[in-house]
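Asker: Given next are the chains, with one letter for each unit.
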Amino acid sequence: MKGFFSIGLVRGILGGTAGTGTGAGAVMLIRMAMGLPAWDEGQVWAAGIVAGVAGYLIALGLFNYWARWFVGARDRFEPNMPSRSWTRFLSVSTDHKTIGIQYLATALIFLPVAVALQLIARADLSKIGFSLNPETYTALISDHGIVMLFIVAIPAFAGLMNYFVPLLLGAKDMAFPRLNALSFWLVPAAGILMVTALGAGGFDTGWTIYPPLSVSYQPLGMNLVLIGAYLAGFSSILSAVNILTTVIKLRAPGMGIFRMPIFVWTAVSTTILSLLFTQFVSMALLFVLLERTLNMPFFGTAGGGQPLLYQYMFWFYSHPATYIFALPGLGIISEIIPVFARKPLFGYKAVALSSVGIAIGGTMVFGHHMFAAGIPALLRIPFMITTMLVAVPTGVKVFAWVATAWGGKLRMGSPLLFVLSAIVIFLIGGLTGVIQAVVPVNLYVHDTYWIVAHFHSVLFGGFLFPLMAGIYYWFPKMTGRRMSEGLGRAQWWLMTLGSALLILPMFVLGLDGLRRRTADYSNMDFRPLVIATAAGGFLIFLGLVVLFYNILRSRRKGAPAWDNPWEGRTLEWMTSSPPPYDNFPATPVVTGEPYDYGISSRPYADVTRSNPSKNR
Amino acid sequence: MDAYVSRDKTERGASRMGMIVFLASEVFLFGSLFFTYFYLKINTKPWPPEGVALDPKFAAINTGILLFGSLLVWAASRLVRRGRMAAVQAALFTASVLGFVFLGITGWEWRHESFRAWTNAYGSIFFTLTGFHALHVFGGAMLMLALAIRTRRGKYTFATHTGIEVGALYWHYVDFIWILVFTTLFFIR
Numbered sequence: 001m002k003g004f005f006s007i008g009l010v011r012g013i014l015g016g017t018a019g020t021g022t023g024a025g026a027v028m029l030i031r032m033a034m035g036l037p038a039w040d041e042g043q044v045w046a047a048g049i050v051a052g053v054a055g056y057l058i059a060l061g062l063f064n065y066w067a068r069w070f071v072g073a074r075d076r077f078e079p080n081m082p083s084r085s086w087t088r089f090l091s092v093s094t095d096h097k098t099i100g101i102q103y104l105a106t107a108l109i110f111l112p113v114a115v116a117l118q119l120i121a122r123a124d125l126s127k128i129g130f131s132l133n134p135e136t137y138t139a140l141i142s143d144h145g146i147v148m149l150f151i152v153a154i155p156a157f158a159g160l161m162n163y164f165v166p167l168l169l170g171a172k173d174m175a176f177p178r179l180n181a182l183s184f185w186l187v188p189a190a191g192i193l194m195v196t197a198l199g200a201g202g203f204d205t206g207w208t209i210y211p212p213l214s215v216s217y218q219p220l221g222m223n224l225v226l227i228g229a230y231l232a233g234f235s236s237i238l239s240a241v242n243i244l245t246t247v248i249k250l251r252a253p254g255m256g257i258f259r260m261p262i263f264v265w266t267a268v269s270t271t272i273l274s275l276l277f278t279q280f281v282s283m284a285l286l287f288v289l290l291e292r293t294l295n296m297p298f299f300g301t302a303g304g305g306q307p308l309l310y311q312y313m314f315w316f317y318s319h320p321a322t323y324i325f326a327l328p329g330l331g332i333i334s335e336i337i338p339v340f341a342r343k344p345l346f347g348y349k350a351v352a353l354s355s356v357g358i359a360i361g362g363t364m365v366f367g368h369h370m371f372a373a374g375i376p377a378l379l380r381i382p383f384m385i386t387t388m389l390v391a392v393p394t395g396v397k398v399f400a401w402v403a404t405a406w407g408g409k410l411r412m413g414s415p416l417l418f419v420l421s422a423i424v425i426f427l428i429g430g431l432t433g434v435i436q437a438v439v440p441v442n443l444y445v446h447d448t449y450w451i452v453a454h455f456h457s458v459l460f461g462g463f464l465f466p467l468m469a470g471i472y473y474w475f476p477k478m479t480g481r482r483m484s485e486g487l488g489r490a491q492w493w494l495m496t497l498g499s500a501l502l503i504l505p506m507f508v509l510g511l512d513g514l515r516r517r518t519a520d521y522s523n524m525d526f527r528p529l530v531i532a533t534a535a536g537g538f539l540i541f542l543g544l545v546v547l548f549y550n551i552l553r554s555r556r557k558g559a560p561a562w563d564n565p566w567e568g569r570t571l572e573w574m575t576s577s578p579p580p581y582d583n584f585p586a587t588p589v590v591t592g593e594p595y596d597y598g599i600s601s602r603p604y605a606d607v608t609r610s611n612p613s614k615n616r
Numbered sequence: 617m618d619a620y621v622s623r624d625k626t627e628r629g630a631s632r633m634g635m636i637v638f639l640a641s642e643v644f645l646f647g648s649l650f651f652t653y654f655y656l657k658i659n660t661k662p663w664p665p666e667g668v669a670l671d672p673k674f675a676a677i678n679t680g681i682l683l684f685g686s687l688l689v690w691a692a693s694r695l696v697r698r699g700r701m702a703a704v705q706a707a708l709f710t711a712s713v714l715g716f717v718f719l720g721i722t723g724w725e726w727r728h729e730s731f732r733a734w735t736n737a738y739g740s741i742f743f744t745l746t747g748f749h750a751l752h753v754f755g756g757a758m759l760m761l762a763l764a765i766r767t768r769r770g771k772y773t774f775a776t777h778t779g780i781e782v783g784a785l786y787w788h789y790v791d792f793i794w795i796l797v798f799t800t801l802f803f804i805r
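Protein chains in written order, with my numbering: chain A, 1 to 616; chain B, 617 to 805.
No wet-lab data here; the hints were simulated from the structure. From the three backbone atoms N, C-alpha and C, an ideal C-beta is built for every residue, glycine too. All the pointers check out, no bait thrown in.
Among the chain A residues that face chain B by a calculated CB cut under 8 Å, a handful are:
(1) V71
(2) A175
(3) L244
(4) I248
(5) L275
(6) L276
(7) F277
(8) G305
(9) L309
(10) Y312
Whenever a hint applies, use it, and build me the whole structure from the sequences.
Answerer: Spelled out as structure tokens, the structure:
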């Protein structure tokens, strides 16, 4: 029994329950003291959930150290070696490798859930003998979108960045290991809130949560999603602080910024975006919550509010956010291609700086989401031009990848297969992005399946396929075993064909005028293509099943990977698999370039040298 | 926390950089609030709406209180280098008390405002902006209290006092934001 309570998650759930009761009770008491009826669904639940999350974090023990710091207590000495049992992932750990796997596992658990939500909606839309009511349909697709973005895309890459940024930099851990744990543990809470929202009436605003629909006519589920998204945003800000500080301060000796691997460059660009712009979306979501619970009219015109204000604040974050989802993926592609082509990365500096260029450019284009929303006509042209300009640094990357692969002896391992699919699909997404940036085209395709097809191809090419490539590439490092190549290929076939089947018909549907987020259509000519997209989604789901089987199987039975199965040059391959608690036997000293493949006389770094300054 | 973080895993210079990075994010937090304020302002006539009467008296007193607090914290970060720990402790403790006094005055002022958060959009952004700032003052006052306690318990010396430097950075930031809030609400309007 004692062992059961030593699992952090168990204590967290108990603490969360206690906190919810306390918070809800406190609000009811305050309301009674003010002479109001004790029960108000919105207020009581909102306070209960916020207090519940606080209770969950406290019970997990995340604040123990800071509480002791506050009163100046002596640091407690605790055993150095984390447990090897899998239950360590259910408790708070400050080791960046454990946290990285916790993030990845959370994202991979919510990924099939979010796909399944959409598959139910697709089945309905295919008219194969069952039908949902429109509220359920829109609730499903809305939840699909928001869970995918906040609980799958951001945490999955946060996981890879957590695990590999310190390793690629030759650091022992992140700069703030305890803050790191706090940022992770917010994510499962946010995910559970967002999924349970479906049981609390759901919400049918779409993932963008636009007012005035979101501030009125929406059941309690809306509040759950708002609080969940706020928590996820908080987590991503904290983790951005951590990753940026790590990159600035904890690079190994000799690692100037132009010797950092590209994945680190993209991590920096991503985290700068999420560090700054998440504040805007969090505030917009908070405004919606305040308007819903306390009737504060930020957006309601009756009280002098402005509905369009929300869209500005939302897209001010959410456009850069599309690069937050994609940039680490582009980094993974840049890592993998040189390793499998056995050639130096073409144009290292251009690729590195193009990440920063995408980040800067990405902040200046948000208006293109609002061409149809009635923004001043004067703003449309500048936003159109900036949107097209973002394609330039992105094009630099694509060119560099192709030039790297050009003439190389490609080793067709499963990581490379996923990367090649990613490039093609990302290219489709990127080029259609330029097309729809043109204002007249945009007004025509706005809110149709064309847009859905565009951002799914960007996210498949920038997020999903690079994530799969990253998992296949780094799984040997994380577990010490290789994944099955045959299953990897099977998954690659399923997912590549599935993506083509899912995305391409949607472009046609959009141009033919089928609008997104509609639960029904009367023109039966649409039906074959709608069924094709549903089938594509199903193939992707099957691909995920293969992935999970491959992970679970290879973790125990995979062939031993040794230290460097792909013959990579970057630092993570210079330590054992999985790396020891302090990552490297000795502090690495970087002496060369990261991607000089084929030039054996120029090693990247030396990890064997015993370092004189031990207290680095 | 159950896991152990070995001493040499954390880097001293990192905490200062971490605070600077964090404050960059905080600038955008208040940026989003100011954006909202000015967006509502240019789209609403008249602004502030009728029925909003603002008295800058208490806010002016509050400005003085915060500036004095900032001065004390600056003094503390200078004195600590000379090892005058008793003075450091007194300065930090007073700064913390001043923070709580600021919160008391703010609360009193809120009670006597001629409008409420749900009256109109002006009220919503007014209370959200001052509320977020007050939340930051609360955090800062608690931080100063912690630093005072830790100084008293001998955690800082003339050579190792990263905590005080980093805390001072935060406190100055909160003051700086208050100047912007004060000018915006009472003078630019």
